[in-house]
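There are 4 protein chains.
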Amino acid sequence: MIGGAEYRAVRAATIGLVEPLTAEDMMVQASPDVSPPKWHLAHTTWFFERFILAEVFPGRTVHHPQYDYIFNSYYEAVGKRHPRPARGILSRPSVAEVREYRRAIDEEMSALLEKGGLSEWPGMPERVELGLHHEQQHQELLLMDIKRSFFENPLRPAYFSGAGEAAGKQARALSWREYSGGLVEIGHRGDRFSFDNELPAHRVYLEPFQLADRAVTSGEYLEFIEDGGYRRPELWLSDGWAAVGEGTLGAPLYWEQIDGAWMEFTLAGNVPLELAAPVSHVSFYEADAYARWANARLPTEAEWEAAATGENVRGNFVENGTLRPEPTRGNEAQLFGDVWELTASAYLPYPGFRPAPGAVGEYNGKFMSNQIVLRGGSCLTPRSHLRASYRNFFYPAQRWCCQGLRLAR
Amino acid sequence: MIGGAEYRAVRAATIGLVEPLTAEDMMVQASPDVSPPKWHLAHTTWFFERFILAEVFPGRTVHHPQYDYIFNSYYEAVGKRHPRPARGILSRPSVAEVREYRRAIDEEMSALLEKGGLSEWPGMPERVELGLHHEQQHQELLLMDIKRSFFENPLRPAYFSGAGEAAGKQARALSWREYSGGLVEIGHRGDRFSFDNELPAHRVYLEPFQLADRAVTSGEYLEFIEDGGYRRPELWLSDGWAAVGEGTLGAPLYWEQIDGAWMEFTLAGNVPLELAAPVSHVSFYEADAYARWANARLPTEAEWEAAATGENVRGNFVENGTLRPEPTRGNEAQLFGDVWELTASAYLPYPGFRPAPGAVGEYNGKFMSNQIVLRGGSCLTPRSHLRASYRNFFYPAQRWCCQGLRLAR
Amino acid sequence: MIGGAEYRAVRAATIGLVEPLTAEDMMVQASPDVSPPKWHLAHTTWFFERFILAEVFPGRTVHHPQYDYIFNSYYEAVGKRHPRPARGILSRPSVAEVREYRRAIDEEMSALLEKGGLSEWPGMPERVELGLHHEQQHQELLLMDIKRSFFENPLRPAYFSGAGEAAGKQARALSWREYSGGLVEIGHRGDRFSFDNELPAHRVYLEPFQLADRAVTSGEYLEFIEDGGYRRPELWLSDGWAAVGEGTLGAPLYWEQIDGAWMEFTLAGNVPLELAAPVSHVSFYEADAYARWANARLPTEAEWEAAATGENVRGNFVENGTLRPEPTRGNEAQLFGDVWELTASAYLPYPGFRPAPGAVGEYNGKFMSNQIVLRGGSCLTPRSHLRASYRNFFYPAQRWCCQGLRLAR
Amino acid sequence: MIGGAEYRAVRAATIGLVEPLTAEDMMVQASPDVSPPKWHLAHTTWFFERFILAEVFPGRTVHHPQYDYIFNSYYEAVGKRHPRPARGILSRPSVAEVREYRRAIDEEMSALLEKGGLSEWPGMPERVELGLHHEQQHQELLLMDIKRSFFENPLRPAYFSGAGEAAGKQARALSWREYSGGLVEIGHRGDRFSFDNELPAHRVYLEPFQLADRAVTSGEYLEFIEDGGYRRPELWLSDGWAAVGEGTLGAPLYWEQIDGAWMEFTLAGNVPLELAAPVSHVSFYEADAYARWANARLPTEAEWEAAATGENVRGNFVENGTLRPEPTRGNEAQLFGDVWELTASAYLPYPGFRPAPGAVGEYNGKFMSNQIVLRGGSCLTPRSHLRASYRNFFYPAQRWCCQGLRLAR
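Chains as they are written, first to last, in our numbering: chain R, 1 to 409; chain E, 1 to 409; chain L, 1 to 409; chain W, 1 to 409.
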C-alpha cells in the first residue's frame, strides 16, 4: 500500500520539473495537443481531490467550485469541461493559486495516508496508486509539451542547459535477434500495478520473427530522406501519403535544416543532429514508410512484448537527466527507454477486457479506436513507471511524443 | 481462366444496374464519399484498358489521352488524378461517350479473351479475374452511391419501385451459438480467386466465444435509441462520442422521423422502418455503442471467419432483387448477405502479407490504417463475389455501406 | 405594360441559351458560386409562379409542393431553402420536368397577359417587368456559370464553336477624358424600369476627375504580371494580399500558361490570350492593385455614372454573339458592354433608399454590405437590360463575372 | 514639436494600464483578434526603434535580432512576421525582458528628444508624434483585449475592482436634432496631428438629416431582443443573418443571461446589465438590424462629422476611470466618448487620398476594403487622442471594440 512518503516523492518530482519555467512558460500551449504546465500541475491535483477525497468524504467542501470544470481532462461522468485547445487562455487561476491548490490537497492526502486511513475504504489504496501513475504520465507529458511549445517560439528557448553533444559517436551496426514465436502469453499478470488496458493476460499465436537489436538511428533515417523517402508514394500508407501531400511532412517533427546543416530541437535548444542516436518524433506513417523502404516492417505489440518479457527495465529514462535519446551503448537489445517504439498494432481491447466501473473506467478503454500502440518508454519517462506489458497509444499522425521505431521482419 | 462470356456477363451486369437512371442521375455525387454512376462505368473500363490492354500492347493508342487523369481512382504509380470530391462536375465526357468507351474496350477485351490470347502474357489471366472482381465491387458501390445521392435530394427519388413491405414480420428471438476457439486458421487458401489482403492463411489463437445467430434488428436498435443510447457517453468510444457531440449522429444514416413515425430511405424510396430486418447504415462507433448497451461486444474478424468457414455462402444478395436487408428466415446463422457485419478488428496486414508488385499493389495494402474490417457481404453484393475470408473495410465513421452488426461475447 | 409577346420573347431567349447543353451539362455546378443551368431555368419560372400567380390567385394549386423549397434562391420571407452549394446534386426533377414546368407557367402567364388581366391587380404589371429583368440577370448568370463549370473540367469543353480570333489587332492607345465634377445627380429618374437600388436619384459632389477612354487590356495586365505585380505587397490592399499569399491569385481567373504561352478559357474553349481586348475575370483586389501599379485608381460609381449619363447604351453585348470582350473599336469611350467595370465604391444604399415591401424587398437591399459596385454591362449581358444608373455588385474576391476595369485619376 | 516629457507621459500611461496584470495575464490571447498585453508593450516600443531609431542611425545595433520578426504587426515592407493568432504562445521574451526593452528604447528616445536632435531629420518629429498616437491606439486595444481574453475564462476575472453600479438611473428620453445638410466639408484641416486617412479635407453633399441626441441604450436594445430581433430575417442584412443563422449571434458580445437575469461582463467583472447606459459590443450587423427595427438607420460618417464639427471633445473617456459606458448626463448630444459609434459608411479613401511613402504608408491605407467606419471614441480611448475627423474602422462582424450606435433618419 502506498504511504505518505511515496506519495510525496512522486508529487515532488512533478514540481521539480517546472523549476526552470517562468510564470509565462507555465501558461504556454502552442498546439492543441499540448497542455500548459500549470494545467498539468492542477489537473493531477484535481485527480486526487475528485477521485479520492471527494469519494472518501462525500460532504467535503471542494477547493474551488469551478475546478471540476476547468481541470477535468476528459471524464464525461464528471461533467462538462473547459475545451482542451483553450487551456492556454486560463491566465487565472495563477501559478501561485495552483501551487497553493497542490499544497492543500497534498496536506489532506498526506494526513490520510499517514494514519493509514485509506485502507478502510475499499478500492481507495488502489486509486492512490493509480493517481501516482497518472501523475507520472503527466510528468512525461509536461516535458513533451514544453518542448512542443518552445519549438513554436521563433526564439527556440531552452528548458535547461543540457549536456554537451556526444559528438562523433557511432551507432552499433544493426543485427537481428531471432524469436521463435508460437503460443505466447502477453498482458499483465501478478499483484503489482498495471493499467486496465494491460489486462487480462492472454495467449496469442506468433509466427517466428526477428527484431533489430536497436532502434533506427537519425543517421539511418536521414538516408531515407536523402533517398527521396518523402517523395515516393509507393512507400506510404494512403493516409500517410495524404499528409505528406498536404506538405505537413518532410522530416521528423523537430528537425530543421539551417544553412544546409540538419539541426534538432531538444529541451536544451537547437543542437546539431545526433546521427548515432535513435530517431525520434516520427509519426506512425513515417515509421511505417521507413520500414518499407528498409525492406522490413514494424513489430506487432505482441512480438515486442514477447521479446521484452523477462528483460530488465533498464535504459535511458528521465532519471538519466539528458532528456534526449542517446547513441546505442553496450550490446543489449535496449528495448526500454530512449524512444517509445511504434508498433504495427492498433490500440484495441484485449480479449475479455473490462474497464473499471465509474469515471475512472474512462481512463483507457474509451480511446480504443484509431490509435496505435507504442512500447518501451522514452528518455522522458520515469523508470519506475514502465514494464514490459505497458501499452502507450497515440494517433498515427501525432509526433510530439518522444517516439521512434525498431525494425522487425 | 476467364473466358469472353464470363467477362461479358459481369460487364453487362454493371450496365443493367444503371438502366433505371437518367442522364442527370448518371452525374450525381451528393457526398465526397460517393462517385457518379457514370464515373463507375468509366473507371472500371479504364481498369481493363490501363492494367491489361496497355500492358499487353505497349504501343497501343489510348482511347482518350486524359482518361488516365480523370478515371484513375487512387493509383499513385499511374500519376496525378482529378480530385475525388470533384468527380461530380464532369458533365463531359457524356454518358454516350462513356458507353462508347465501354463498348470499345469490351470489344478489344473480348477479342483477346476469345482467342485465348492472354495466356501468353504471364499474370494477365489473373489480372482479368481481378478486373472482374473489381467490377463487382463497383457494382455494389454504384448502388450504395446512388442511394446516398438520392437521399440528399429533398424529393427522395426512388431507384426502382421495389417490393411491398414485409409488414408484420417478426424477428426470430436471438440465440447464442458456442464456438470453442483455440488455434484456428484464417485467411485464404487454395486456387480460387482471393484479394491479396486475405493472404497468407495463418493461425490465430482464440478464446472460446459466442456469436448471436442473427444480426441486430432495427427494432432492437430502436430500443437503444429510445433508451437514450445517443445521449449516454459511457456507452461510446471517445472518438464516436465526439461525433455524437457535434450533432452528426442520432440515428442510422437513412432513418428519419416524419410526423412521429420512423421511416427508412431505401432504393425504393422512403418506407416505414422494418423492425424485424437487420439494422443497416450504422457506423462502427454506433455498432460498438449498441453492443456495449446490450452487454455484449462486436466479434473480431478472426472469430467471424472461424464461425463462417465451411458455411455455405447463401443469403440475401443483390441477385435477390429486393436491395434491402430482410427479416430473418429459417434458423441458419445467416452470416452472409443482408448487411456487411462490422467487426472489432482494425484493418491490418496479415502476418507475412506482401502486396502485388506494380500499380495494382496499391489495390488493398496502402489502406491498412485507420479502417475497420467488415465481413459477410450485403443485399447489394453479388453472391459470386463473396467468400468466408473476404475482408471489406471502411473508416469507423462511415455509414453509406449497407452495414450492420452481430453481437459477440 | 408588358404584353404576352414581350414576355415570351424574354423567356424564349433563356431557352435559346441552353440549346448547346447536354442533359448532364444542365446539372453541373463546379463551384459554390454558380448554379446548374437547369436550376436557372426552374428558378426564374418559380419567380413568376411564386410572386405573381400565387399572389394573384391565392387558392391556386402549386405546380409542385417542394418547388418553394428547392427553387427559392434567397427569399427568407418565403421560407427555408435547399442549400445553395448543393444545387448541383438535384438530378431530379429532370430537365424534361423543368421544361414542362416552364411550359405550364408560361401558358398561365401568357393567358393572363393576353387578356390584359394583370392591370386589375395593383403592382402586378410592375412585378412582371421585374420578373423579366430578373430573367435577364439569370441569362447572364447562366453563361457565367457554365463557363465557370466547364473551366473546372480538365477536358475544357466548349459551349459553342465561337468566332475566330482577332489575331494581330492592336488596342488603341489609352487617352484620358476630362470631367469637371461638381454637384451632379446620379440614380434613376423617370418612368422606365429600374431596380430599387438605383433609387432615389440624388446629388453628390465630385472633384474634377479623368477617366481612361477604354478599359485596361489583357496586354497591359500582362505587363503588370511580368513586372511582379502579384509579388509586391505595396501594391495591394491587405485583404487582397492575404488572398495572394494563400496562393489563390497569380493571374486572372481563366488564364493558364501552357507550354510557355498564355491561354484564356472562353465559352469557345481555350484560346490564345487576346492582348488587345479588355482584361476580364479579375477581382476587385486585382483591379485595385493594377490601378495602383499604373499610378492611377478605380473610378467611384458616381464618377462613372456622371460620365455615362447621356451616352448611348451601345457596345459588345450578348446579342453580338462572340461572348467575349473584344479589342477596342472606333473612338468612343465604350463605357457599356465588353466587361463590367469594377468601381472603387462599396455597394451601399442611396440616401433615402427604401426596399419594396414583402419578399421582393429582399431582391437588392439586404446585400448592401461587403460588396463592390460594378457598372456598364458585359458581353454576356442583354443590351436591353442595361442603363447608365444600373448597379451590379459582387464580393471583392469574386471573379466569375465577366468583369474588368477602367482607370481613373 | 514633441518633447521628452510628452513622450514619457504617453509611454508611462501604457505601463500604468498593465499594473493590475499578473505575468500570466500579460501573455493571454483568447481570440485571434486580440494580442497579449506583453505584445502590445513590445510592439509599440518596436515601432519607435524600427521607424525612428533605425532610420535615424542606420548603423545602429538592434536591441534583439528577432524582434523585427516577432513584434512587427503588419508591415510588409519590413518583412515576414510571426503569425498574429500565435502571439499568445510567445512565453519568451519574458515580461521582464520586454520591460527592459521599453526602458532601453525610452532612454534612447528621451536622449534624442531632450537634445532636440530630431529636428535635424526631416519627417522624424512627425514620426514621433505618429508613434505616440500609435501608442494611444494600443492603450485602447490593450484594454479591449484584456477584457476579451478575461471573458473567455470561466472564472470571469476582473481587471480592476471598478466603481459601484449606477443602479436605478434612467436614460433621458431620446430626441432628434435637425441638420440641414447641403455642401459640407469633412476631413482634417490645419496643423495639428491627424492620421493620413482623415485627409484630404473635401466637400460632400448631404441631404437634410436628423440624428438622435444620444446613443441607443442597453434597455432599448433589450426591447429589440425581446421583440424577436434576432429571429426576424427581414431586419437583417444577408451577411448578418448568415452569422445569426450559424448561431454566433443572439445578444451583444458580453451579455449573458444567468438565472434569468441579464449580466454584462465589464473590466470590473460580471455586473447586472446597466439599462440606461449605451449598448456596447454590438457588430455593424446588429446595429444595422436594430436601426431597421427602430424604423431608422445608421448615420453616414459624413453626417456624423458634419454634426460633430465644432463640438467640444468632451465625454466619458479613459481618464474618467470607470472603463464602461455610462448613462446619459445633461443635455448634450454626447457625440464623443462612451462608445465608438458605428456608421453606415464603408471605410474607403477620401478623394485624393495618398498614403505616406515607405512602411508607415501601410498604417491605414491598405485596410480600405471590407471595413466599416466608427466615430467618436469610447470610454477606453484617451481623450487627447480624439477629434471630430477621426476615423476608426473594424470589420462588420467584429465586436470586441467598445462600440455602439446612434440612430439617424
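Incorrect hints may have been included.
Since the list gives no way to pick one copy over another, a pair counts as held whenever it fits inside one copy or between any two copies.
Derived lysine to aspartate or glutamate pairs resembling EDC-like cross-links, with alpha carbons at most 20 Å apart [said to hold, decoys possible]:
id	residue 1	residue 2
1	K80	E97
2	K169	E223
3	K169	D213
4	K80	E319
5	K115	E256
6	K115	D239
7	K169	E108
8	K115	D33
9	K80	E152
10	K80	D68
11	K80	E234
12	K80	D259
13	K115	E97
14	K80	E120
15	K80	E19
16	K115	D196
17	K80	E256
18	K80	D106
19	K115	E129
20	K80	D239
21	K169	E152
Keep in mind the hints are simulated off the structure, nothing from the lab.
Contradicted hints - numbers only: 1, 4, 5, 6, 7, 8, 13, 14, 15, 16, 18 and 21
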